[in-house]
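Engineer: Produce the complete structure using the sequences and hints provided.
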Amino acid sequence: MELPKLNFQETFDFKFKKDKDKFFIYDLVRKTYLLLTPEEWVRQHWIHYYLTVKGYSPSALITEKKILLNGLTKRIDLLVTEKTEPVILIECKAPQIKLTEKTFEQTARYNSIIGAKEIILTNGLHHINAYYENEQYIFYKPE
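So that you can map any letter, position 7 of the sequence shown is 7 in this note's numbering, and since no number is skipped, the others follow by simple counting.
Calculated directly from the structure, the hints in this document are not laboratory data.
From a predicted model like this one, the values you see are computed outputs, not experimental measurements.
You may find that some hints are simply not true.
[What the hints assert, rightly or not] Label pairs and their computed distance ranges (CB to CB):
1) K31 x E101: 32 to 42 angstroms
2) P38 x D13: 11 to 21 angstroms
3) P142 x P4: 15 to 25 angstroms
[As the list claims (entries may be wrong)] Lysine to any residue pairs mimicking SDA-like chemistry, simulated, CA-CA at most 20 angstroms apart:
4) K66 x S112
5) K65 x W41
6) K5 x L36
7) K5 x A94
8) K20 x P38
9) K102 x F139
10) K66 x P86
11) K31 x L51
12) K66 x V29
13) K117 x Q106
From the three backbone atoms N, C-alpha and C, an ideal C-beta is built for every residue, glycine too.
Structural biologist: Written out as structure tokens, the structure reads:
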């Protein structure tokens, strides 16, 4: 399986397995193998980043949490917490998906339920970072 190189300075040690014609990637948070989709490839990079580079424990990362938004059940991709408080909401898209104002607004709507201080919209190649302050998003480029 040909996986795109994503925009991370670090390289991570992923575990893969193949079953019939499908590929799976090991999720360190859920402690199981998951179907390797383009979006999962992006999410796993962020999980490894927060575990190995930022030093978070697996229990601080929440994946695919269900939320209720306007009466509809949605799932957030990844939430980083500190002392169970939501800190960073990460919405992952497949690398071929263009990040637009519309996709950012989707992430902001999810965050209206979650209440994280920061959101990251990413397709693995491009990352849009924003802090939520004074009821508005302030975009920034991480160092």
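Engineer: Next step is simple, just say for each hint if it's right about the structure.
Structural biologist: Status of the hints after comparison with the structure:
Evaluation of the 32 to 42 angstroms hint for K31 and E101 yields a pass: the beta carbon distance comes to about 36 angstroms. Checked against the hint of 11 to 21 angstroms, the pair P38 and D13 passes, with Cβ atoms roughly 20 angstroms apart. Distance hint check: the CB atoms of P142 and P4 are about 21 angstroms apart, consistent with the given range 15 to 25 angstroms. Restraint check for K66 and S112: the C-alpha separation of about 14 angstroms stays at or below 20 angstroms, so the hint holds.
Distance restraint check for K65 and W41: the Cα-Cα separation of roughly 18 angstroms lies within the 20 angstroms cut-off, and the hinted pair is therefore satisfied. A C-alpha spacing of about 15 angstroms is found between K5 and L36, which places the hinted pair at or below 20 angstroms, so the restraint holds. For the given pair, K5 sits about 12 angstroms from A94 by alpha-carbon distance, which is consistent with the 20 angstroms threshold. Using a Cα cut-off of 20 angstroms, the hinted pair K20 and P38 holds, with the two alpha carbons roughly 19 angstroms apart.
Between K102 and F139 the alpha-carbon distance is near 15 angstroms, which keeps this suggested pair within the 20 angstroms criterion. Under the criterion of a C-alpha separation no larger than 20 angstroms, the hint pairing K66 with P86 is consistent with the structure, at around 14 angstroms. The suggested pairing of K31 with L51 holds, with an alpha-carbon distance near 13 angstroms, which does not exceed 20 angstroms. Our distance criterion of 20 angstroms between C-alpha atoms is met by K66 and V29, whose separation comes to about 16 angstroms.
For the hint pairing K117 with Q106, the CA-to-CA distance comes to about 16 angstroms; that is within 20 angstroms, so the pair holds.
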